[in-house]
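A.B. asks: Protein chains in written order, with the working numbering: chain A, 24 to 439; chain B, 24 to 439.
Rather than coming from a laboratory, the hints here were simulated on the basis of the structure.
Remember, predicted model here, so these are calculated numbers, not experimental data.
Wrong hints could be hidden among the right ones.
Same chains, same label: a pair holds when it works inside one copy or across any pair of copies.
Straight-line C-alpha distance at most 30 Å; calculated BS3-like pairs for lysine-lysine [said to hold, decoys possible]:
1) K408 to K123
2) K389 to K123
3) K408 to K162
4) K408 to K190
5) K296 to K190
6) K123 to K190
Listed here are the chains, written in short residue letters.
Number of protein chains: 2
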Amino acid sequence: VVAVGDELLYGQTMNTNGSWLSGELSRIGLKVRHRAVVGDVEGDIQAAVASAMEGSEVVLVTGGLGPTPDDLTREAVASCLEVALVEDAALVEGLTARFKARGYETLPDQGRRMAMVPLGGEVLPNPHGAAPGLAMEGKNGRICILLPGVPREMRGIFTRGVEPLLKERFPDRLQEILHRIVNTHGVPESMLMDEIRTVLPEDPRQVSLAYLPDEVGVRLRLSTRQEDGLESASRRLDRLEQMLEPVLSRYRYEARSGDLAEAVGSALLRAGKTLAVAESCTGGLIGKRMTDLPGSSRYFLGGVVAYANEVKTGLLGLEGGLLAEDGVVSREVASAMAERAAILLRASAGIGITGIAGPSGGSREKPVGTVWYAVHLDDRTVARKELFPGDRTAIRARAAHGALGLLLRLLEGREG
Amino acid sequence: VVAVGDELLYGQTMNTNGSWLSGELSRIGLKVRHRAVVGDVEGDIQAAVASAMEGSEVVLVTGGLGPTPDDLTREAVASCLEVALVEDAALVEGLTARFKARGYETLPDQGRRMAMVPLGGEVLPNPHGAAPGLAMEGKNGRICILLPGVPREMRGIFTRGVEPLLKERFPDRLQEILHRIVNTHGVPESMLMDEIRTVLPEDPRQVSLAYLPDEVGVRLRLSTRQEDGLESASRRLDRLEQMLEPVLSRYRYEARSGDLAEAVGSALLRAGKTLAVAESCTGGLIGKRMTDLPGSSRYFLGGVVAYANEVKTGLLGLEGGLLAEDGVVSREVASAMAERAAILLRASAGIGITGIAGPSGGSREKPVGTVWYAVHLDDRTVARKELFPGDRTAIRARAAHGALGLLLRLLEGREG
Chain A
24 VVAVGDELLY GQTMNTNGSW LSGELSRIGL KVRHRAVVGD VEGDIQAAVA
74 SAMEGSEVVL VTGGLGPTPD DLTREAVASC LEVALVEDAA LVEGLTARFK
124 ARGYETLPDQ GRRMAMVPLG GEVLPNPHGA APGLAMEGKN GRICILLPGV
174 PREMRGIFTR GVEPLLKERF PDRLQEILHR IVNTHGVPES MLMDEIRTVL
224 PEDPRQVSLA YLPDEVGVRL RLSTRQEDGL ESASRRLDRL EQMLEPVLSR
274 YRYEARSGDL AEAVGSALLR AGKTLAVAES CTGGLIGKRM TDLPGSSRYF
324 LGGVVAYANE VKTGLLGLEG GLLAEDGVVS REVASAMAER AAILLRASAG
374 IGITGIAGPS GGSREKPVGT VWYAVHLDDR TVARKELFPG DRTAIRARAA
424 HGALGLLLRL LEGREG
Chain B
24 VVAVGDELLY GQTMNTNGSW LSGELSRIGL KVRHRAVVGD VEGDIQAAVA
74 SAMEGSEVVL VTGGLGPTPD DLTREAVASC LEVALVEDAA LVEGLTARFK
124 ARGYETLPDQ GRRMAMVPLG GEVLPNPHGA APGLAMEGKN GRICILLPGV
174 PREMRGIFTR GVEPLLKERF PDRLQEILHR IVNTHGVPES MLMDEIRTVL
224 PEDPRQVSLA YLPDEVGVRL RLSTRQEDGL ESASRRLDRL EQMLEPVLSR
274 YRYEARSGDL AEAVGSALLR AGKTLAVAES CTGGLIGKRM TDLPGSSRYF
324 LGGVVAYANE VKTGLLGLEG GLLAEDGVVS REVASAMAER AAILLRASAG
374 IGITGIAGPS GGSREKPVGT VWYAVHLDDR TVARKELFPG DRTAIRARAA
424 HGALGLLLRL LEGREG
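One chain only, chain A, in its complex shape (with noise of 0.2 Å):
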C-alpha cells in the first residue's frame, strides 16, 4: 500500500488511508506486507511503486490522482509499467458533464488529465467524486491498482472495484485470519509474558499470541488461519484461552471498547450498584471517563472533584485531624474519602483517589507518582498505594486506571 502526498510527509495529515486498507485486506484474508508514504515527486512515486511491485502481488497507490499540477501518480505508475497513457473516451463524457453542472462551458484541461487511462487498464468508477480508480496489470502478472487520495471516495472505489476484483484474482488467498482480542488490567507486559510462559511454556502451534501494550494495559491477540473454517479455526483459538486461562483468569475484563470503564459499567449493573467518585489528583478524570460510555447514568451517579485541601474538608466533609495527622496523600485520605462520596452521593460504591501526579510536589517519603486508591463496597473499604512511573498525564491515567481496576475485581469477588 503506497500512498502519495507532501501533507503526508509533512505530518500535516495523517495517512488515515494506509491504515483503513490495512484494516480491510486483512479482513479479508489478504496479508499486507509493506506500507510506505512518499511525497509528490515523480520519482520518488516511480520508486516506491517498483519497489513495492518487487515484493507484494497486488499494490494499492493512494493519492495524487486528483486534476492540480501536484497530482503525479498517474504518469509515474504508466511510466514504472512501460505503458502509455491514453484518453477514456467515456470518461471525457462524464467528466464534461460533472464540470458543465459546476458551470463550466467545456472541459477545462487539467480536468481532462482526470480521463487518462493507462492503456489496458481498467476504469473503476467513483461514486463520490471525479478522478476515477485505475486497475492495470504488469508484465509480470502483478497488479497495481490507483485510488484517489480523498477518504470518502477512496472507499467508495474500493467497496464497490477493489475488493470484488481482489476477490476474484485469489479466491484461494481468501482465508480470513481470525482474531481474538482479550484485554487485561493490572500486570505489566513483562510479568504477564512471564506467567503466561508457566502454562504455556512453548509456542503453540498453528496459533499464535501477540502482546499489545498500551499506557495503562495489555492487549493480547490471539490469531489463528481459518484455512478449515470458521469452526475449527475458533476451536483452536478457546483451546489456547483455555490453556492461559489459569493467568488470565486474574487479569482480564471484558469490553467490547477495550475500555476498563466499559467493563466496570458492565459489572455495577450486572450487581445493581451505582457509583460516586471524590476525586483529587485525577479531577474528574475517573467521572469523564465513567460518563464517556453511553448509558452511564444508569449506574454512575457523580462524585465530588476535591483538588483543593478546602474542598476535600469543606464540601466533601473530611476530619481536618486526618489530612493534618496523614497527610493529604495517605490510605487514611483516599479510605475516607471513597466512603464520603458513596455517603453524599447515597451511591452503593465509591472511590477515593489522592495522589502526586508532578511536576512538582513531591517529596523523599512521596515523590512524584505516589498515588493511594481506595474503593468503598458494601461496608468495606479497600485501599491501594502505587507508584506511577511517567509524566503527569500518564500518573493521572494509571492512577484512574488503578482505582477502576480495584473496583472491577471487588465487584466480581476476585480481590481477596
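Go by the hints and put chain B onto chain A.
C.D. replies: This is chain B only, laid out in the frame that chain A set:
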C-alpha cells in the same frame, strides 16, 4: 521513517508515530523523503531499513524494541548494518533496578534483551519506559536511529536525544521555516476564512497562512522561509499578524500548549480568581481539562459532578422545582449549577453545564447536542445555549470548550 509492527499492517493501530515524527522533522527543517510500515518479520525490517538508508541520510525506526519475542528491530538493524550486539552494563543495571521495583529478584532474560546495544552505537535514554533509543552510524556515514513504538516513550526520546543529535549533525540543513501558531476559539473555520478575507483580500507575498481545524477550534499557522535571517522572517510574520489583528482580536487566545484551559488558567491567575465547576453531561471533563496542567491548584478548587438528577438536587442543592419546570437542560439549571458550585466551594467563579450528549435522550425540542452552559463571575451569571454537531465524544469536548471560552471572554472583558 520506518515503523515496525504487525498491528500497524493489520490496521489495528494507527501509525501515529510516523505522522508525529514527520511533523517534528519538518519543524526543525529536515525533509522527510519516505515513510514505510513493515510487520514483525526480521527480513522485512532489514529490507526496509536497507532501502531507506540508500535513499536518505537519516533513518528513524520505531517499534520492535520491547522484551517480547516478536520484537526484532534491534537484531534486524544490527545485521543490516553488519555490527554485533553487545550487552551494555549500565543498561543492565538500570533495567535490573526497574524490574526489582516491580518485584523481580533478578532481571529476566527477556528484559535483558533491552540492554543489547549495537557495537559503537549510542544509547538514548528513555525518560518514560524501559527500552532505550539507539543511534548508530552505517558504513556510508548514514545515521540509523531506533526508537520504541510506545508513542510517549518515542516522543520523549526524540525530544531529549534525537532532536539535539540531528541539530548538531546537520547545522546547515536546518534552514527552518518560521512558523507561528495563533489559537482561536468560538469561530468555525469557514467563518474565520471569510472574515480574514475582508482584511486580507489577496494572498500575501513571502508569507503563507494555513487553517488547521480540529474538533474544538481552528489554529492558524503563519509561515515564512527564513533564508534572510530570523529577524526579517519574524518581521514578515509580525506584519501579517498586524493585518489580521482586527479579526483575530475577537477570537485569539494565548496558550503555549495550544490548550484553551491553559489560557483560562492564566486569566484566572492574573485576575486573582478561583474556579469551581458543576458538571452534568461532561461528567468531569472540565475538571480533568483544568487539572491537566501542572500548577492548576493555584486557581482550580474542584467541583461537583452532578450526573444524576438526585445529585443536582441533593449535594449541589438545586431546587427540585427548577428541574421540573424548565427541564434539566435549561438556562435556569445551568445558571443555578454555576452559582451553586461557586457558593459550595467558595470560589470566585463557577461553571455550570448540562446537556444531551447522546446518542439517546434527545427530543424534538432538545435534540442530541443541545447544551446549556453558564458562567458565574462577580455577582453576574451568563448562560449560553448551543447545538453541537458530532458524536458523544465531540459534543462533550465542544461543550467543555464552549464553557471555558465563555469564562475566558468574561475574565478578559471581551464578552458584552
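A.B. asks: Hint by hint, note whether the structure agrees.
C.D. replies: Going through the hints against the structure:
1. For the homomeric pair K408 and K123, the shortest alpha-carbon distance between copies (17 Å) is at most 30 Å, but the shortest distance inside one copy (55 Å) is not.
2. For the identical chains of this complex, K389 and K123 are inter-copy neighbours only, at 19 Å across copies versus 56 Å inside a copy, given an alpha-carbon limit of 30 Å.
3. Taking CA atoms no more than 30 Å apart as the test, K408 paired with K162 passes in neither setting, with 65 Å inside one copy and 51 Å between copies.
4. Proximity of K408 to K190 under the C-alpha cut-off of 30 Å is found in neither arrangement, the shortest distances being 50 Å within a copy and 42 Å between copies.
5. Neither within a single protomer nor between protomers do K296 and K190 lie at most 30 Å apart by alpha-carbon distance, with minima of 43 Å and 57 Å respectively.
6. In this homomeric assembly, K123 and K190 never come within 30 Å of each other (Cα to Cα): the closest approach is 37 Å inside a single copy and 52 Å across copies.
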